[in-house]
Amino acid sequence: MGKRLNLILSMAATGRSRYSAVMPSDNQPPSDKRRAFQPFRYRQKQSDLAEAIHQRVVKAVDDMRRRMISDENALSYRHGREWSSSHNPETQEFSRFQTASAEAAIPFEHILDHRLSAIPDYVARMVDGLELGFMANLFSLIDATTEKTGNVVRSSGSAAEDFFDMLSKVETGVDRYGRPTMPSFVTSPDNSRRMIQELEAQTEEFHRRVEQLKEQKERDATAREADRVARFRW
Numbered sequence: 030m031g032k033r034l035n036l037i038l039s040m041a042a043t044g045r046s047r048y049s050a051v052m053p054s055d056n057q058p059p060s061d062k063r064r065a066f067q068p069f070r071y072r073q074k075q076s077d078l079a080e081a082i083h084q085r086v087v088k089a090v091d092d093m094r095r096r097m098i099s100d101e102n103a104l105s106y107r108h109g110r111e112w113s114s115s116h117n118p119e120t121q122e123f124s125r126f127q128t129a130s131a132e133a134a135i136p137f138e139h140i141l142d143h144r145l146s147a148i149p150d151y152v153a154r155m156v157d158g159l160e161l162g163f164m165a166n167l168f169s170l171i172d173a174t175t176e177k178t179g180n181v182v183r184s185s186g187s188a189a190e191d192f193f194d195m196l197s198k199v200e201t202g203v204d205r206y207g208r209p210t211m212p213s214f215v216t217s218p219d220n221s222r223r224m225i226q227e228l229e230a231q232t233e234e235f236h237r238r239v240e241q242l243k244e245q246k247e248r249d250a251t252a253r254e255a256d257r258v259a260r261f262r263w
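With the sequence shown counted from 1, adding 29 to any position gets you this note's numbering.
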C-alpha cells in the first residue's frame, strides 16, 4: 500500500520531549487516522533514546542562546509565569514568559534504511525552529521596550551617522570583573556589509568622534560601577 509512517519528536523550549508516532489507516474515517505506535519493544530504550536526543537539542539551543545572551545574564525562574520589577513598583507592569516551540519528523523509511544522519538532521531542524522563535521573541521585546522609552534612532540617510547616534544612546555596562563592555550590533548580513563599508569610508574626524564617544561611555560605565560597589559594606 506504500503507507508512510512518521516518527515525530517535538519539544518546547522550556519543556520535555514528546515521543510518539502516527500511521494513517485506510480503514479509518478521514477524521480519525491516528493510532498509537511504540517504536521500541522496551519502554526504557524508548525513553533513553528520547532523553539522549533531547539533551542534544538542549545543548545546541544553549549554544545558540550564548551568541545573543551570555551565561551571566541567563537566569532560571521556577515560580509562577509572571513577575514585576521591585525597582519600579509604581508601574505595576508584569513580565511574562514567552514560549518558543518547534516540531520535526523523521520518516520511518529513514529508520528502516539505517540512515544515521536522521538524528543529527532532526536535531538541526529542531534547533533552527527554536532559534526562529527565540529570535522573534527577543527582538519583539527589544522593539517594544525601545519604542516605549523613546530610545530609537530613525534613519537619517547616512548609515555612519545613524551608527554614531545609536552608540550615543546606549548606556554601556561592565562585565563581572568591572571592565567596561561595548554593545553588540545585530543586523542582517547584507546590512552589516553595507554598514562596515560605509564606516570604513568615513573621514578621520568621524573615527575620532567615535573613539572619543567610546572612551566617554567607558568612563561613565566605570563611574557607575564604582558608585554601585560603594553602596555595599565589605
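The hints are simulated quantities; they were obtained by calculation from the structure and are not laboratory data. Take the hints with a grain of salt, since some may be wrong.
What the hints assert, rightly or not - Computed list of lysine-lysine pairs in DSSO-like fashion (alpha-carbon distance at most 30 Å, straight line): (1) K177 / K243; (2) K88 / K74; (3) K246 / K177; (4) K243 / K198; (5) K198 / K177; (6) K198 / K246.
Said to hold, decoys possible - Distance ranges between label pairs, derived from CB positions: (7) V87 / S146: 35 to 41 Å; (8) L228 / R262: 42 to 48 Å; (9) K88 / N180: 33 to 39 Å; (10) L228 / E80: 43 to 49 Å; (11) S185 / E80: 50 to 56 Å; (12) T174 / E138: 44 to 50 Å; (13) E176 / S76: 43 to 49 Å; (14) V258 / P149: 43 to 49 Å; (15) R205 / D92: 17 to 23 Å; (16) E138 / E176: 36 to 42 Å.
Remember, predicted model here, so these are calculated numbers, not experimental data. The beta-carbon is built from N, C-alpha and C at its ideal position, and this holds for glycine as well.
Status of the hints after comparison with the structure:
Restraint check: the Cα-Cα separation between K177 and K243 comes to about 26 Å, which is no more than 30 Å; the hinted pair holds. Note on K88 and K74: the hinted pairing holds, with a Cα-Cα distance of about 21 Å set against a maximum of 30 Å. Restraint check for K246 and K177: the C-alpha separation of about 23 Å stays at or below 30 Å, so the hint holds. With a C-alpha separation of about 12 Å, the suggested pairing of K243 with K198 holds against the 30 Å cut-off.
About 14 Å separates the Cα atoms of K198 and K177, which keeps this hinted pair within 30 Å; it holds. At most 30 Å may separate the alpha-carbon atoms for a hinted pair to count; K198 and K246 meet this at roughly 10 Å. About 20 Å separates the C-beta atoms of V87 and S146, a value inconsistent with the hinted range of 35 to 41 Å. For the hinted restraint 42 to 48 Å between L228 and R262, the CB-CB distance of approximately 45 Å keeps it satisfied.
Taken as a hint, the range 33 to 39 Å holds for the pair K88 and N180, whose Cβ atoms sit roughly 35 Å apart. Taking the beta carbon of each, L228 and E80 are about 48 Å apart, inside 43 to 49 Å as hinted. Roughly 53 Å separates the CB atoms of S185 and E80, a value that falls within the hinted 50 to 56 Å. Distance hint for T174 and E138: a CB-CB separation of about 47 Å, consistent with the stated range 44 to 50 Å.
A hinted range of 43 to 49 Å for the beta carbons of E176 and S76 is consistent with their spacing of about 46 Å. The beta-carbon spacing between V258 and P149, approximately 47 Å, falls within the hinted interval of 43 to 49 Å. Our hint of 17 to 23 Å for R205 and D92 holds, since their Cβ atoms are close to 20 Å apart. At about 49 Å, the beta-carbon gap between E138 and E176 misses the expected band of 36 to 42 Å.
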